[in-house]
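Protein chains in written order, with the UniProt record's numbering: chain A, 1 to 151; chain B, 1 to 447.
A couple of the hints might just be wrong.
[Stated by the list, open to error] Partial list, computed: chain A residues near chain B (C-beta under 7 Å):
hint : residue
1    : Ala14
2    : Asp17
3    : Leu39
4    : Ala40
5    : Val58
6    : Gly63
7    : Gly66
8    : Arg67
9    : Ile127
[Stated by the list, open to error] Label pairs and their in silico Cβ distance ranges:
hint : chain 1 : residue 1 : chain 2 : residue 2 : range
10   : A       : Leu129    : B       : Lys425    : 25 to 31 Å
11   : A       : Asp27     : B       : Leu344    : 27 to 33 Å
12   : A       : Gly133    : B       : Asn158    : 28 to 34 Å
Since the hints were derived computationally from the structure, they do not count as laboratory data. Ideal placement from N, C-alpha and C gives every residue a C-beta, glycine not left out.
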Amino acid sequence: MELRINQKTYEVDADADTPLLWVIRDDLGLTGTKFGCGLAQCGACSVLVDGHVVRSCVTPVAGVIGREVTTIEAIEGDAVGKRVVAAWVERQVAQCGYCQSGQVMAATALLKHTPAPTDAQIEAAMINLCRCGTYNAIRTAVHDLAKQEGV
Amino acid sequence: MNNRRFARTAGWLALPCLVAAGLLAWYVTREPATPFAQEPAAATFEPALLSRGEYVARLSDCVACHSLPGKAPFAGGLEMATPLGAIHATNITPDKTTGIGAYSLADFDRAVRQGVAPGGRRLYPAMPYPSYVKLSDDDVRALYAFFMQGVQPANQPNIPSDIPWPLNMRWPIALWNGLFAPTATYAAKAEQDALWNRGAYIVQGPGHCGSCHTPRGLAFNEKALDESGAPYLAGALLDGWYAPSLRQDPNTGLGRWSEAQIVQFLKTGRNAHAVVYGSMTEAFNNSTQFMRDDDLAAIARYLKALPGDPQRDGTPWQYQAVTARQDVPGAHTYATRCASCHGLDGKGQPEWMPPLAGATSALAKESASAINITLNGSQRVVTAGVPDAYRMPAFREQLSDQQIAEVLSYVRGTWGNHGGAVDAKAVGKLRGQTDPASSSPIILQMR
Chain A
1 MELRINQKTY EVDADADTPL LWVIRDDLGL TGTKFGCGLA QCGACSVLVD
51 GHVVRSCVTP VAGVIGREVT TIEAIEGDAV GKRVVAAWVE RQVAQCGYCQ
101 SGQVMAATAL LKHTPAPTDA QIEAAMINLC RCGTYNAIRT AVHDLAKQEG
151 V
Chain B
1 MNNRRFARTA GWLALPCLVA AGLLAWYVTR EPATPFAQEP AAATFEPALL
51 SRGEYVARLS DCVACHSLPG KAPFAGGLEM ATPLGAIHAT NITPDKTTGI
101 GAYSLADFDR AVRQGVAPGG RRLYPAMPYP SYVKLSDDDV RALYAFFMQG
151 VQPANQPNIP SDIPWPLNMR WPIALWNGLF APTATYAAKA EQDALWNRGA
201 YIVQGPGHCG SCHTPRGLAF NEKALDESGA PYLAGALLDG WYAPSLRQDP
251 NTGLGRWSEA QIVQFLKTGR NAHAVVYGSM TEAFNNSTQF MRDDDLAAIA
301 RYLKALPGDP QRDGTPWQYQ AVTARQDVPG AHTYATRCAS CHGLDGKGQP
351 EWMPPLAGAT SALAKESASA INITLNGSQR VVTAGVPDAY RMPAFREQLS
401 DQQIAEVLSY VRGTWGNHGG AVDAKAVGKL RGQTDPASSS PIILQMR
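Here chain A stands alone, though its shape is the one from the complex (with noise of 0.2 Å):
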């Protein structure tokens, strides 16, 4: 099957219902993107499918063929993306990093849709698991981000 992802076209030899994560990581060796719970419940293996953030791990690859996948890899190439990851290091964000490529697609999700969003909506959308506890550092960086544009 025939794959984009990163605003390139990958042929992928894979079952229908492998996930994607699966086929990101071991088969095209995208190793940005990490194995976390594999249930949905974290959040760490989150990716762009057509702008909209969706976890890998319960995504199989069938759903997203003629789909625009976006990961880690590729999120400075996205404007929204690149703002969020200059919020991250402004902000030091991560600890051990190991959910933060998922907070990242998390963060930019929200603000393609919502640039200025209130709290509520940082609340209801950044919901992804950090076991360092950084998520008051993820809030301030996101409220930067939300600032930003409206200003």
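Given chain A, work out where chain B should sit, using these hints.
Just chain B now, kept in the frame of chain A:
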């Protein structure tokens, strides 16, 4: 004089009592007739007969109760809790001492189709002989051959039941049988075609679908055993799950499923409407996926011919798009815990992750299945030896009774679903009953 009259009266009274007692004793311990009574014992069986028998064992899902995971196949041991105490499935391997190796074909037939063990001892109707009685003579013969020669003998003694005396006496079951267990094998209906008849045979007989899907009466009898009764396969609450209607009810049954979708569901465990879960996972893992395509087509034909009941089923479901409902209780839990798989629009990722919009568990007024799957998750669906990639996680340790009640009330009241709200007390009750750490979790698996 008075004494003599008393003695005579007593004698006249005692005599019919004795006769009645004698008749009762005969009735409750007799070995019923079997067409195989005169059949000589066979030394070996033809391979074709063995493989037919193996297939009948698959259709009948014997392994579901008579095996434990990781133990010798058919060696028994599964504990089934009943209101009177636990009973255990027996060893049906051909071991001579602990299994059924000493059974003649006639003995085997009486046990499978009449629920009577050698010596006249009655089996508990946890063994679905009221359904297996429909099995044809040829299928019983093949099944016997398979169990005698196709199964490895395993020396594993049966576990006695926990039911205390006098409730553990078996003879009253004979009276239950007289009231509720039919005695005739399946007779083809001339006005129906061969496919329908084959489907009826599998569904009513070996498949014993009604054991879970037909509601039971006060005496735990299935309220109907074939399509002549309206309650047949009309959905039933059992063991903490709601086994949905298999009739043409658009909400709680198969009204929106095509024949091809029924076949797909039984063969692959999933279709655009649903994925197997609860007790059906085992029925799929052990039985339905092994059925031949023509048999699955027959089942689908038969089930599509069972009319629904609009009074019982309610207004047919129609999808209603919902945009912003972040304000209601449960919506946030849904967005964070459920939506990645089932979608914010409730439509799931058809065939892989089931939709909750229009799901039986969100439309049936019984909320047991919705609560149970949320608390305990789903078991592995194993197709052709390969476990599925996607599974419902258990939220027992992550969500409170109140949170589960709220998120399920949201699911059951959104996208056109009208199953109704879920009460936190109901969640708490099922949480206790299905607690893996409890000494008596629900394990009755009356299939």
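Hints numbered earlier in the text: which of these fail when held up against the supplied structure? 1, 7, 8 and 12
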